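Student: First to last, the sequence lines map onto chains D and V. For the first sequence, the numbering used here begins at 101 and goes up steadily by one. For the second sequence, the numbering used here begins at 101 and goes up steadily by one.
For the record, the hints were derived by calculation from the structure and aren't laboratory data. A quick note: this is a predicted structure, and the numbers were derived from the prediction, not measured. Heads up, some of the hints might be wrong.
Listed below are the simulated DMTMM-like cross-link pairs for lysine to aspartate or glutamate, each with C-alpha atoms no more than 20 Å apart in a straight line [said to hold, decoys possible]: (1) D:Lys-431 x V:Asp-304; (2) V:Lys-435 x D:Glu-267; (3) V:Lys-177 x V:Asp-304; (4) D:Lys-431 x V:Asp-580; (5) D:Lys-657 x V:Glu-690; (6) V:Lys-641 x V:Asp-580; (7) V:Lys-435 x D:Asp-136; (8) D:Lys-585 x V:Glu-690; (9) D:Lys-247 x D:Glu-381; (10) V:Lys-657 x D:Glu-381.
2 protein chains.
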Amino acid sequence: MPIYKAPVEDVNFLFNDVFQIDRYNNLPGFSDASPDVRDAIIGEAAKFAEEVLQPLNRVGDLEGCVRHDDGRVTTPKGFSEAFRQYTEGGWLGLSAPAEYGGQGLPVTLTQIMSEFLTSANMAFGMYPGLTKGAMAALLVHGSEEQKKLFVPRMIAGDWTGTMNLTEPHCGTDLGLLRTRAVKQADGSYKITGTKIFISAGEHDMAENIIHLVLARIEGAPAGVKGISLFVVPKRTINADGSVGGPNGVSCGSIEHKMGIHGNSTCVMNYDDATGWLVGAENKGMAAMFVMMNEARLGVGVQGLAMSEVAYQNAVAYARERLQGRALTGAKDPDKPADPIIVHPDVRRTLLTIRAFNEAARAMVVWTALKGDIAHRSADEKERQAADDHMGLMTPVLKGVLTDSGFANTVLAQQVFGGHGYIAEHGMEQFVRDARIAMIYEGTNGIQALDLVGRKLPRDGGRAAMAFFAEAGAYAKAHGDSDAMKPYVAPLSTALGHLQQATMWLMQNAMGKPDNAGAGATDYMKLFGLVVFGYMWAQMAKVAQDKIAAGDAAPYLKAKLVTGRFFMEHMLPETSVHLARIQSGAATTMELPAEAF
Amino acid sequence: MPIYKAPVEDVNFLFNDVFQIDRYNNLPGFSDASPDVRDAIIGEAAKFAEEVLQPLNRVGDLEGCVRHDDGRVTTPKGFSEAFRQYTEGGWLGLSAPAEYGGQGLPVTLTQIMSEFLTSANMAFGMYPGLTKGAMAALLVHGSEEQKKLFVPRMIAGDWTGTMNLTEPHCGTDLGLLRTRAVKQADGSYKITGTKIFISAGEHDMAENIIHLVLARIEGAPAGVKGISLFVVPKRTINADGSVGGPNGVSCGSIEHKMGIHGNSTCVMNYDDATGWLVGAENKGMAAMFVMMNEARLGVGVQGLAMSEVAYQNAVAYARERLQGRALTGAKDPDKPADPIIVHPDVRRTLLTIRAFNEAARAMVVWTALKGDIAHRSADEKERQAADDHMGLMTPVLKGVLTDSGFANTVLAQQVFGGHGYIAEHGMEQFVRDARIAMIYEGTNGIQALDLVGRKLPRDGGRAAMAFFAEAGAYAKAHGDSDAMKPYVAPLSTALGHLQQATMWLMQNAMGKPDNAGAGATDYMKLFGLVVFGYMWAQMAKVAQDKIAAGDAAPYLKAKLVTGRFFMEHMLPETSVHLARIQSGAATTMELPAEAF
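Same shape as in the complex, but just chain D:
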């Protein structure tokens, strides 16, 4: 059976020492998240993930979700009870506005909670995840009436939420969508169409499901400019707010997926279902982007979460599994063999995963904090800078954390040898579950295009320039310290590669967009590596300072070693990404489609 222990020590290091979030006590909700409150929340979240969700993870994979002939869907044994516990703990409203029943605490806390949930049980974590995304869209674009009607019940977990974008013939290119909406005399709409890949589309956890649905109003313009967002409850809602009869929306089937079997991924059929417009007519894409940005950060966190739990299990196995002897001579001569953690290749594997996990978690906290600032700061300049940061980093975070997160589950599985391929150990489930995160909420190729095509050039490159300036200033400030040189020198080199790549794109991709497209994925990965390098340099500095101040905690030493491993083994990849970007699109675009 797989194990999981929430990385509380690392979270506290980031919150208290690296990002010192008490600095933001002037922002709404932050002063409520005092160190004591944070400790309690993190501790309870850890406990819930470890004790309630993790034991249900394999059950969820084995049982999956079952659709009955009448369209009802049963979730795996224990999921419904766990969801009840989860909502009773108030977790769904942790960062939601107090006026709708939430606690108003920083989203940063919620993101860390999400990491724990997902590590313990990714399929389960998606149910509240989708609900939070739907609430976010309603809170930003819904009418006051809609907010009051839906959000409190969603926070309570009585009602859950979904996002309905994809149709069989249209995924990335939503302009093609066909689901139609016909306006009724009472101001409502009749929605008809088929949506696929709808996570948590139907289940037995809540009395109602609030579907947010993209559809085209009769007579609307073609393409993305004619798409509107609707809220369509599974069951109608009576005037007094109680739940009424069925509403022309049903689960046609459950998709047969590679993983996340515990989540019901549905084909949803809308047949004259009654829905209400959210936001303005034909402005559905903008409203949906609110959900998607929230969701993309959350999906990035999933990549980290799967890498973390896979790492923990690989470490446990590597310490226990006796096989062979250390290359330098037996370490445990009294035993029949040494534990495989003595082998450099096993350690290299583990450190590769760990160096990612800790940098990725730092990036999540850093970015989530900027999100809180963007939404809560009273200072417009501060809000704008934070919003720039979020826009720029969201595709990087989603793409890099899920690509590497998945790759790391594969590495961790490899530590188990043949046992990693056997279901009982749970490693292969991590691989299958983690795989989806590279795909949904926009494939990672789409994230890369969003980065180079939209986020990078926006406002004359203001967001990227701000990051280059910040990281460059940090490197300059600490470059003379002997202790920091092993971290800062590679960071400076890597940052130089990123700046060269950016310059190359500016000079070569404006007139030839294929040059941007061909280099997009490499640019995203290069960007992620530099961000990680910057995170590691900061973490190393804080660890050195704490050690110098007399703190002898072993994790501080581990931080310094893991950071050095990152600088020696992982950051040098920036040079290859740069070379690929600079090779341009000519070769990539040369062959006709039929020659492939």
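Following the hints, put chain V in place on chain D, whose structure we already have.
Tutor: Relative to the frame of chain D, chain V by itself:
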């Protein structure tokens, strides 16, 4: 439903143009493989894979193998009939010696046949694959009586074979194995113990199963020096060669695996089963290595095969799926969207897979040919050089082809977006199936250690020096040609990196084996890239010559473009591998086990 078309054109290009295998007509069996015969064999193999095996691939995944209460195992519907057709086609004996019923044709042909089989149906391909491995061990180490008794019936497919190495507590470290053998008065042995992960361990395809089993004879030395190899038939064999009653060996359970569900991977219980020694007492490891080297090449081919079929399906999808518009403007303005193959990022993905596939296939043919030469040449020096090559390249081929082969199934799956995660499209099965190849027959970490610890230093580095000289001479011979520069210049750089890495290991790893261990995987990958670069340079040269001679076949142009893509996008990774190797083991080994 996934598609598959055997890459006959590419195989012919390698056989006829790049490696010109008719040059070897002086070797036994090669003159029988005349161009006409080769064409017929390749054509029939392709047809069998495409028409018989491929349609059974998804059935095999869905149904899996079923163990009944009495220990019998039923394979998926259609597998048994397909195996009958396969054996009746004479495929099992294609390269086996004529004196035992084989056709004596080059193993090179068999390896290409294996690629086709595996692309079509990896789980099926393992049944004949294991039988061929078992035959190989019997042919080299068995007594004449054993060869005559077993091999003809195995070629006929009446009896199949298995390899029994792994036990619950021992995989890589076979010295720990506990299965014991007790000598009987008649010269036979009673074998008792439990083996796990036994592919094709029990099934309904043949009247008998010939298990090759590693066990320890009572009183034998501890460790690997006390291991012997035994042949243990599932059912006893009467004096007249007919099959008798059961023989104390049974399938205890079928493992629950991530993939290759159509192959019955068994826990095998030996309970006083009667077996006979193969080769000398306590020399079982040497005998087993014959099977393992054969098997390792075969597993490398599996990596290629899965990458090839995944590529073909990704290309088909990318040509059909309409989504979005080309960055440079609509290519199919009459349609609602362009096919996604217009996007540079999709093409980059496809070319990454294709550039691997074609280089890997060249490496397979090159190495398999050396294997044929090593076994069949009359010239001792030629045999030795070929054997050096095989020894050196086997771990590289196994490790690199299965690592990249798996990674490429993931890339190909990504081209499908959300549909790639859904079982019906078949892409996720390729990922799950391909994953095992990185693990079995020695994990890829073990391949890397075999390379740096054993194959590289053997005979003073003779094999590696021969490769460096050959590739270096090639680069020198063609470096002045303008047409060849885009291929030869990157090859020379990469070869330089490999030579520097080799030098570094010689200088730094002799006294500090951890430096070899920490750099082993990078060295293996670096080696593989340089081999691929050498393959691409040769293929480009041949393609250029054919084009210059007036051949206008489109695949020649595609070769040149794909080769350039390899040089621009993939070969530059050698610099990172070199940097990692040169960073040494200090950081990797610094943390105590409990700090992970």
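Student: For which of the previously enumerated hints does the structure constitute a violation, in increasing order of number?
Tutor: 1, 4, 7 and 10
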